[in-house]
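Each chain, letter by letter, is given below.
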Amino acid sequence: MYLADCRSTGSRGTEAAAVPDTRPGRRPAAVPSTVLALGAVSLITDVSSEMVTAVLPLYVVAGLGLTPLGFGLLDGINNGVGALVRLVGGHLADRGGRGHKVVAGLGYGLSALCKPLLLLAHTLPVLSAVLAVDRTGKGLRTAPRDAMISLATEPAHRGRAFGVHRAMDTTGALLGPLVAFAVLRATVDGYDAVFAVSGCVAALGVLVLVLFVPRRIDAPAAVRRPPPPEPVHPPQLREAIGLLRRPELRRLTVCAALLGLTTVSDSFLYLLLQRAGNLPAHLFPLLPLGTAACFLLLAVPLGALADRVSRRRLFLAGHGVLLLGYGLVLSPWHGVPAVIAVLVLHGTFYAATDGVLAAATAAVVPARQQGAGQALVGTGQALARFACSLAFGAAWSLWGGRTALAVTAAALAVSAVVAVFVLRGTDETPTTDEVPA
Amino acid sequence: MTRTTRLVTLLVAVVLLGAVGAGSVLYAAHRSGRRDQQQADGPTVRTGTVSLRPTAERRLLVRNLAWGPHRDEIATVPADDPQGPRTASGVKCLRFHAAAGTGICLQAVHGALEDTYRAVVLDAHLRERHRFPAAGIPTRARVSPSGHMVAWTVFVSGDSYAGTNFSTRTAVVDTRTWAIDDNLETFRIVKDGRAYHAADTNVWGVTFADDNRFYATLATGGRTYLVRGDVAARTLTTLHRNVECPSLSPDGTRIAYKKRVKGAFADAPWRLYVLNLRTMKETATAESRNIDDQALWADDGTLIYALPGDYGSDLWTVPADGGGTARRLMASAVAPAYLG
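Chains as they are written, first to last, in this note's numbering: chain V, 1 to 437; chain Y, 1 to 340.
Keep in mind the hints are simulated off the structure, nothing from the lab. We put the beta carbon where it would ideally sit given N, CA and C, even for glycine. The reader is advised that the hints may include incorrect statements.
To be verified - Calculated Cβ distances over 10 Å to all of chain V for the following chain Y residues:
no., residue
1, P78
2, R176
3, T186
4, D210
5, S313
Claimed, not checked - Heads up, incomplete: computed chain Y residues facing chain V, CB under 8 Å, no partners named:
no., residue
6, D115
7, A124
8, P133
9, A135
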């Protein structure tokens, strides 16, 4: 049902993107091999990490015989540390010619090392610590990876390139649980086998990165031009912070954060959806799959669309779609079709905003500071979403879930209007990497 | 490195990592195979008829964890000879409880893609009367003293990146009408005398007083509470703080429960306590280890609970009045229920 529904929306997106383009030099070029390599690394790594995620509750409850409630208490700390690590990762990656690959490799490597460590973790505190390190690895690699995708792609096609990457990433996330349960089936509760296989898969991901992602990402031929008079020294921390002096980036960061502040976290949305629709409890685990399937199918067409109609506009439109989704949850229309419609809107929101924001960021940051720029916008958004989770939880206690969502929806509408205003008239000029500060 | 070198390197790595992965899967599969062979020093387990009907002789039902062909099956032993031979029923359950001819059995269903779970209500011959899909991993199950009401709790996990957001779902079913309340979190909560709602509420560990009233744990805002529940009025009312997995004594006057104690290790925070419902006085039992189970009253003065053992877990027993010492009742067993 989900797939069928998403696919029909997906094909509409494809049609829109496939409208013949008569402008010269805009013919869709092949996705750069570096992007495909990074997509493959993400796909493989997500298979590995989602294998663990899928069996972890079962392992904790059935394998270790522990009661996992309160396990998520460290999430707040992890989120804060994760954001900081992301900034550090982004900045470090910009220093030195092949910093992106090294820092991303460290991040992927750190997470890969955690998989065999899970075999040794038999208590909740140790398990939490291993997961925190795993998350640090994720924080470290995110910004350099997005920087490499930006650098390897012609500016005009970055939306599509990020779309391809996100689609591959999500494919891995959907495959992971299937692999995990196949192993669990073959071994009858062989959680150690799941962790061992997950470790092997993660190692393979790191190897693909080492072998197939070039050390130095060269700008694609189409935009290669005499090197701009860049300072020769690696960017200093002061410069990374100085990025915010760029009005374009500042506006984008502010808008991403503002909209992030009014984006309800997935788990709250699913909880509300289940309660509003009076969905049988056993269908609950399917909700994230619906969103992911839609995200997967729409990431490429919407990324390509962003390249045509402006990424900021699509980013804003994505939030409009999310607002529609909130409206639907609040509306009196309930039942399975309503739930599917919300999931389609939710997946569309991700497809229209996740990679698209990275592409929009790439266009307003100089090449030598792509890592720091991606980290800045991404961190701003992540911290804002985390703040929203805390506030939403508190609002739920005060007013109840539906009222909290109604208030958030109103705030999202206001934020979107403000964002339209802030981003108005500053649409990207994607061919210039060196925007004067 | 040339393209060929890189591809060859990748190929070699795929073969090596594949071998490691396959080796670990084969090893784990072999190990699981051994669990189906009778363990040498284990209890005698034989097939037989297990009935939930009251008999002259009092019996103890457990999920048998001893290695062999009857692992995970509900088995029975005479109540006065728990270490004696076990009679296995052929019915496999992860969690189980029974009273007055009704059984509740929480099972895993191994699907092609992933495991799903179900709660099966059993008649006195352990035949299925009704089944319900369950939303997650089974953890607690209870039948009311009359056998009319059943309740179960499962764990569900959130969708966050590291999968660390766990929550519970507790369902209550009236076996006379098959009416189900599949999420007690939707009951009206009265906390400290006032209506209360929050997104982070979790309810688990139901123990029935009669066919309408029950006790359970409510968690919210990082604290746990003993709540008194009312199925007809759909309410949960908080009574006492820091109570998990309550178990009501047969005379209805006391609650045995897990209390989170100060100064304990973070991964072993619970001790077995008894709360007097009239005086609200807490009594620590002589069991000084960490316990993570919903205790069972063998009679008005004795508690039974599971602790980790060589083959999963063992059942232990301790007096409820705080005196005496804990001793092992039977090895390789979990999820006990008394009949007769």
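Taking the hints in turn, this is what the structure says about them:
1. Every CB of chain V lies more than 10 Å from the CB of P78(Y), the least distance being 27 Å, so the non-interface label holds.
2. Every Cβ of chain V is farther than 10 Å from the Cβ of R176(Y); the closest lies at roughly 21 Å, confirming the non-interface assignment.
3. Not every Cβ of chain V is farther than 10 Å from the Cβ of T186(Y); the closest lies at roughly 7 Å, contradicting the non-interface assignment.
4. Once the 10 Å rule is applied to beta carbons, D210(Y) is consistent with being away from chain V; the minimum gap is 25 Å.
5. A beta-carbon of chain V comes within 10 Å of the beta-carbon of S313(Y); the shortest separation is about 7 Å.
6. A hinted interface residue such as D115(Y) counts as satisfied when its beta carbon comes closer than 8 Å to some beta carbon of chain V; here the least separation is about 7 Å, so the hint holds.
7. Using the Cβ-Cβ criterion of 8 Å, the hint placing A124(Y) at the interface with chain V is not satisfied: the shortest such distance is roughly 27 Å.
8. Satisfaction of the interface hint for P133(Y) is found here, the shortest Cβ-Cβ separation to chain V being roughly 4 Å, below the 8 Å cut-off.
9. Using the Cβ-Cβ criterion of 8 Å, the hint placing A135(Y) at the interface with chain V is satisfied: the shortest such distance is roughly 4 Å.
Checked against the numbered hints above, the structure breaks hints 3, 5 and 7 and satisfies the rest.
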